[in-house]
Amino acid sequence: MKAAALLISLVLAGCATGQATIGTQVPAERLSSSIVPGRTTKAELLAAFGKTKAVVFDSGYESWLYQSPVGGGRFAEFVVLIDPQGIVVRTRQRAPAAP
Amino acid sequence: MRPLLPTFLLVLAVSAAGGSAAQEPVAKVNVSTTRDPVDKSYRKMIKGMERFEREHAFAPNAPLHFQLLPRTPDVRMDGITLRVAGDTVSVPVPVGPDNSFILPRNEQALREDAAVLANRKTVSMTWRALIRTPGLPPDTRRLGDLRLECRVGTEAGLVSNNSQLFAWLSNALLSADHVCNSPEGNYLFFADRPLFGVRLRAGDRVEDLPFKMLYAGGDQTPEMLRFCDCQVLLDRTYYAPLWDRSWPDDTLVEFDYMTPAESAPAPEVRQ
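Residue numbers (the working numbering), protein chains in the order written: chain A, 56 to 154; chain B, 5 to 275.
What the hints contain is simulated information worked out from the structure, not anything from laboratory work. Computed from a predicted structure; not experimentally measured. Take the hints with a grain of salt, since some may be wrong.
No more than 20 Å apart at the CA atoms, straight line, and that leaves these computed lysine to any residue pairs for SDA-like [unchecked claim]:
{"id": "1", "chain 1": "B", "residue 1": "Lys-48", "chain 2": "B", "residue 2": "His-182"}
{"id": "2", "chain 1": "A", "residue 1": "Lys-108", "chain 2": "B", "residue 2": "Val-99"}
{"id": "3", "chain 1": "A", "residue 1": "Lys-108", "chain 2": "B", "residue 2": "Thr-92"}
{"id": "4", "chain 1": "A", "residue 1": "Lys-97", "chain 2": "B", "residue 2": "Val-99"}
{"id": "5", "chain 1": "A", "residue 1": "Lys-108", "chain 2": "B", "residue 2": "Lys-51"}
{"id": "6", "chain 1": "A", "residue 1": "Lys-106", "chain 2": "A", "residue 2": "Gly-127"}
{"id": "7", "chain 1": "A", "residue 1": "Lys-106", "chain 2": "B", "residue 2": "Pro-226"}
{"id": "8", "chain 1": "A", "residue 1": "Lys-106", "chain 2": "A", "residue 2": "Ala-131"}
{"id": "9", "chain 1": "A", "residue 1": "Lys-106", "chain 2": "A", "residue 2": "Gly-126"}
{"id": "10", "chain 1": "B", "residue 1": "Lys-125", "chain 2": "B", "residue 2": "Val-99"}
{"id": "11", "chain 1": "B", "residue 1": "Lys-51", "chain 2": "B", "residue 2": "Ser-104"}
{"id": "12", "chain 1": "A", "residue 1": "Lys-108", "chain 2": "B", "residue 2": "Asp-212"}
{"id": "13", "chain 1": "B", "residue 1": "Lys-48", "chain 2": "B", "residue 2": "Asn-65"}
{"id": "14", "chain 1": "A", "residue 1": "Lys-108", "chain 2": "B", "residue 2": "Thr-225"}
{"id": "15", "chain 1": "A", "residue 1": "Lys-108", "chain 2": "B", "residue 2": "Pro-214"}
{"id": "16", "chain 1": "A", "residue 1": "Lys-108", "chain 2": "B", "residue 2": "Met-228"}
{"id": "17", "chain 1": "A", "residue 1": "Lys-106", "chain 2": "B", "residue 2": "Asp-223"}
{"id": "18", "chain 1": "A", "residue 1": "Lys-97", "chain 2": "A", "residue 2": "Arg-129"}
{"id": "19", "chain 1": "A", "residue 1": "Lys-108", "chain 2": "B", "residue 2": "Phe-200"}
{"id": "20", "chain 1": "A", "residue 1": "Lys-108", "chain 2": "B", "residue 2": "Leu-199"}
Some but not every residue of chain B turned toward chain A, in silico, with C-beta under 10 Å [stated by the list, open to error]:
{"id": "21", "residue": "Pro-98"}
{"id": "22", "residue": "Pro-101"}
{"id": "23", "residue": "Phe-105"}
{"id": "24", "residue": "Asp-196"}
{"id": "25", "residue": "Tyr-219"}
{"id": "26", "residue": "Ala-220"}
Note that the Cβ used here is the ideal one computed from N, Cα and C, for glycine as well.
Work out the full structure, taking the sequences as your base and the hints as a guide.
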């Protein structure tokens with residue numbers, strides 16, 4: 056019954072929940088100045104900002120999401136790619152959509 | 005081929021009867037095998053092809069192929085053979101090196117409600133429509149192509165989640181018009197390689213997809229993932245704003261991959 060309930064909820068929701076994605080909130084300037092691709096480690100991210108929303112892949116790569124408040128209840132996204140060795144290899148920022 | 009719904013209802017009836025008859029001698033009921041979720045209904049796939057013809061305006065310069073994609077970690081994606089199999093008819097379907105194929109029309113197979121069968125285990129693969137306008141810049145797709153892929157793929161019943169119950173409920177509850185016209189439609193696309201970001205470009209308008217439109221929403225737990233046909237391609241998945249008509253069909257969907265092509269950890273899978 057538990058599996059059936061899960062299946063039904065998955066069908067009704069599709070493969071995603073459709074809920075807002077929540078990442079730890081950190082000011083954009085702090086993220087930009089603290090995270091250096093090729094040098095910053097996963098342990099350093101955890102120590103500096105705590106846990107946040109993360110997706111771990113079979114390849115060993117991880118994608119972490121932080122959110123930066125921009126006012127009006129809106130958030131910019133700061134996404135970090137961590138390689139299988141635990142090193143940040145890339146970052147990107149996404150401005151919030153227009154209200 | 006045996007329709008799934010009556011079998012499903014029969015299973016429910018047998019299950020319901022089981023409680024009250026627990027102390028009585030049990031009569032054995034043999035239920036014939038239902039269609040494997042990996043095997044596709046030929047009639048449904050032809051309906052998908054007919055929808056492609058009706059709505060070709062979404063992608064006027066693109067041909068229609070179908071494609072097989074890995075669903076479980078252990079599946080071998082080379083040497084796949086495919087055939088259309090009815091009660092008396094068997095039609096081989098050539099499969100390309102990228103595991104794409106064109107489905108032939110066969111009236112006898114239609115009459116016999118044939119299945120499209122691959123020589124692979126249950127839920128080891130998933131299927132998608134493949135509609136690609138020629139001449140696009142590298143590492144891009146065209147939004148109109150994706151809109152049509154969704155309509156054809158949903159009409160054809162190609163999404164292969166790991167449960168017959170799941171598949172039956174999906175078919176019963178989610179029409180192509182709902183899936184492809186709603187922000188909640190959740191039709192998953194697969195990029196060639198693992199994604200770091202996806203950007204939409206239409207003239208001067210440029211916008212990155214939010215994190216929640218990558219990686220099947222980013223909320224998949226291991227327990228959920230085994231039911232999703234994105235199980236081993238999670239890092240390649242994205243949703244496209246099919247429903248948002250402010251993005252025209254000629255919108256380019258640009259992929260920013262995790263790693264450069266030469267150091268990509270996984271073999272390339274054509275969309």
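Checklist line | Restraint outcome when Tyr-219/B is required to lie within 10 Å of chain A by C-beta distance | finding: With a minimum Cβ separation of about 5 Å from chain A (threshold 10 Å), the hint on Tyr-219/B holds.
Check: Given the proposed pairing of Lys-108/A with Asp-212/B, does the C-alpha separation stay at or below 20 Å?
Finding: 19 Å, holds
Next item on the list: Take a quick look at whether Lys-48/B and Asn-65/B sit within 20 Å of each other, Cα to Cα.
Entry: 24 Å, violated
Margin query: For Lys-97/A and Arg-129/A, compute the direct alpha-carbon distance and say whether it is at most 20 Å.
Written below: 27 Å, violated
Next item on the list: Assess, step by step, whether the Cα of Lys-48/B is no farther than 20 Å from the Cα of His-182/B, and give holds or violated.
Entry: Within the cut-off at roughly 17 Å; holds.
Margin query: Against the 20 Å threshold, does the CA-CA distance of Lys-108/A and Phe-200/B hold or violate the hint?
Written below: OK: Lys-108/A and Phe-200/B at ~15 Å, within 20 Å.
Notebook entry, point to check: Given the hint that Lys-106/A pairs with Gly-127/A, does the C-alpha gap stay at or below 20 Å?
Noted result: 25 Å, violated
Checklist line | Satisfaction of hint between Pro-214/B and Lys-108/A, Cα-Cα up to 20 Å | finding: Roughly 13 Å between the alpha carbons, so the hint for Lys-108/A and Pro-214/B holds.
Margin query: A closest beta-carbon separation below 10 Å is what the hint needs, so does Pro-101/B meet it against chain A?
Written below: With a closest approach of 23 Å, the Pro-101/B hint is violated.
Checklist line | Pair hint Lys-108/A and Thr-92/B, alpha-carbon separation not exceeding 20 Å | finding: 54 Å, violated
Checklist line | Restraint check for Lys-125/B with Val-99/B, where alpha carbons must lie at most 20 Å apart | finding: With Cα atoms ~17 Å apart, Lys-125/B and Val-99/B stay inside 20 Å; holds.
Notebook entry, point to check: Taking only the CA atoms, is the gap from Lys-51/B to Ser-104/B under or equal to 20 Å?
Noted result: Holds, because 18 Å separates the two Cα atoms, which is no more than 20 Å.
In summary, the numbered hints that this structure violates are 2, 3, 4, 5, 6, 9, 13, 18, 21, 22, 23, 24.
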